[in-house]
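Build the complex from these two chains, which are given one at a time in their own frames, with help from the hints.
Those sequence lines, one after another, are chains A and B. Under the numbering used here, the first residue of the first sequence carries the number 1, and numbering increases by one thereafter. Under the numbering used here, the first residue of the second sequence carries the number 1, and numbering increases by one thereafter.
Heads up, a few of these hints could be off.
Under the rule of at most 20 Å between Cα atoms (straight-line distance), these lysine to aspartate or glutamate pairs were calculated in the EDC-like manner [unchecked claim]:
1) Lys99(A) with Asp6(B)
2) Lys3(B) with Asp44(A)
3) Lys126(B) with Glu15(A)
No lab work stands behind these hints: they were computed from the structure.
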Amino acid sequence: MLDQILNTKSLPLLEKMAAFAERRQEVLAGNIANIDTPGYKMRDLPVENFQQALRDAMQLEDGLSPATAQASLGMPAHASNNQALESQLESLFPRSLFKAQESSPQNLTFQDDNNRSMESQVMSMTKNSLMQQFAVEVMIAQMNQLSMVISERP
Amino acid sequence: MLKGIDISTSALIAQRQRMNTIAGNIASVNVSHDPNSGEDPFYRRMVTFQADTESLDSESTGVGVKYKIEIDTDSELRKTYSPGHPHADQDGNVTYPNIDVVAEFVNALEAGRAYEANISSLDISKNMFSTSLRILA
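The shape of chain B in the complex, shown without the other chains (with noise of 0.2 Å):
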């Protein structure tokens, strides 16, 4: 029973992780350098997620979730001429990152309602408890 509540906690982590990444993906949206790698302009990160199959008798019962945080290095990133930019390259572009803002709302939106539905599955699992506590009473 107990249980119920750790795996809705799990995706509830998982979300909000997502929704901190897709924060930190549309803030950097004009970074035309991440300080942390020099020249190269900051990437898109984004969170995999993948179902928890190694916790205990994962084959026959519910599964929580478990993520990681990628960097998206794929896809292409948005060059804008504009000479004179201190980060400019010699033909006057200046890199941006991989980031498209409409996706990465896009994302939180889900982001948002996944985690509203573990909310209700998570108050479902509690009040089966407090009915299972009645028994006592």
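Here chain A stands alone, though its shape is the one from the complex (with noise of 0.2 Å):
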């Protein structure tokens, strides 16, 4: 019973994005560790990409969400349903989401072949930093929610 709680609506997704935050901390870290490196090319991860996912996800579970709100008062065939759910947003999220990409070279391309630009790595860094924090927080409020429930006192 709890999985259906857990793993419908919102949870999955934030986790999804706590997790690419986090990926994507370790490619902007990257950036920065080589901000003198001859040659060496900016990275990112598709950020916008993965955001049409969120939105295609959230899509996704509202075209779904009578099937489940059935399935969880008891009705058959909710765990085939759950299942189905779940390889969906799987299959919204790819690995390719994950993977780090030369960024387009809109910045200035300095003389040793460096495209660096400090202030816009810090600046995603930064906005990363808070959109992990943002989801991590949503998702301790949730469960915060949960408990209460369970323990039938605020």
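As structure tokens, this is what we get:
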């Protein structure tokens, strides 16, 4: 039963969000580590594609929610429904979303063939860490709600 | 997640090594005799950086940095006319290393700033990690 509460709606998406942010932090840390490396090109994860995938997943869940609501009322076939949702989620977030690529050459390329831009890197890093913090905070809030319901006291 | 910390650490080590090398260059700016190589003067040392692409999965994730210390024998040595100097040649010229103190200082500044930037990125990685740990609580 807990599975249905935990694996529907926003929790799996928040989990994806935090995982993505943590992966992106590694890539951005690599960019700052190579700030003085000749020939290095800044990398990034496909942020826009990821956000599109989040949006698609939200719509997918909205579409499926009556069925899952029924399932949580003890209707049969809920297990398969849940699994279907899960596999659909997996296909929405392929591994390629978590692979770094060289970011588009929007920055100035320096004489040593490095297109460093400290400001934009630090900026993305800060935003990214806030995004991860947000995802985790919301996750914790939902867990707290759940434990409030379980213990029946605020 | 912890990989981010490793990556930043590799850069911290590289930048510190660069700083050490620069300090050595500045210290040796007036060395007219390298005890290790006999008659030759001291040559400028420099640290070169390279992205550490040999590590696993390096194509698709963040990469650390590798450094190498090289000796710059290409740029011209400084010659000063001072006959009577124990290291002077037949013409009375003493050869000093090819070290430009101003350039070294600028590089030192850059190394220091890059070090700071990596410390900040390490800090962010660390904070993200402790945020993740809060899910457990």
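Going through the hints against the structure:
no.: 1; hint: Lys99(A) with Asp6(B); in the structure: 18 Å, holds
no.: 2; hint: Lys3(B) with Asp44(A); in the structure: 16 Å, holds
no.: 3; hint: Lys126(B) with Glu15(A); in the structure: 19 Å, holds
In summary, the structure agrees with every hint in the numbered list given earlier.
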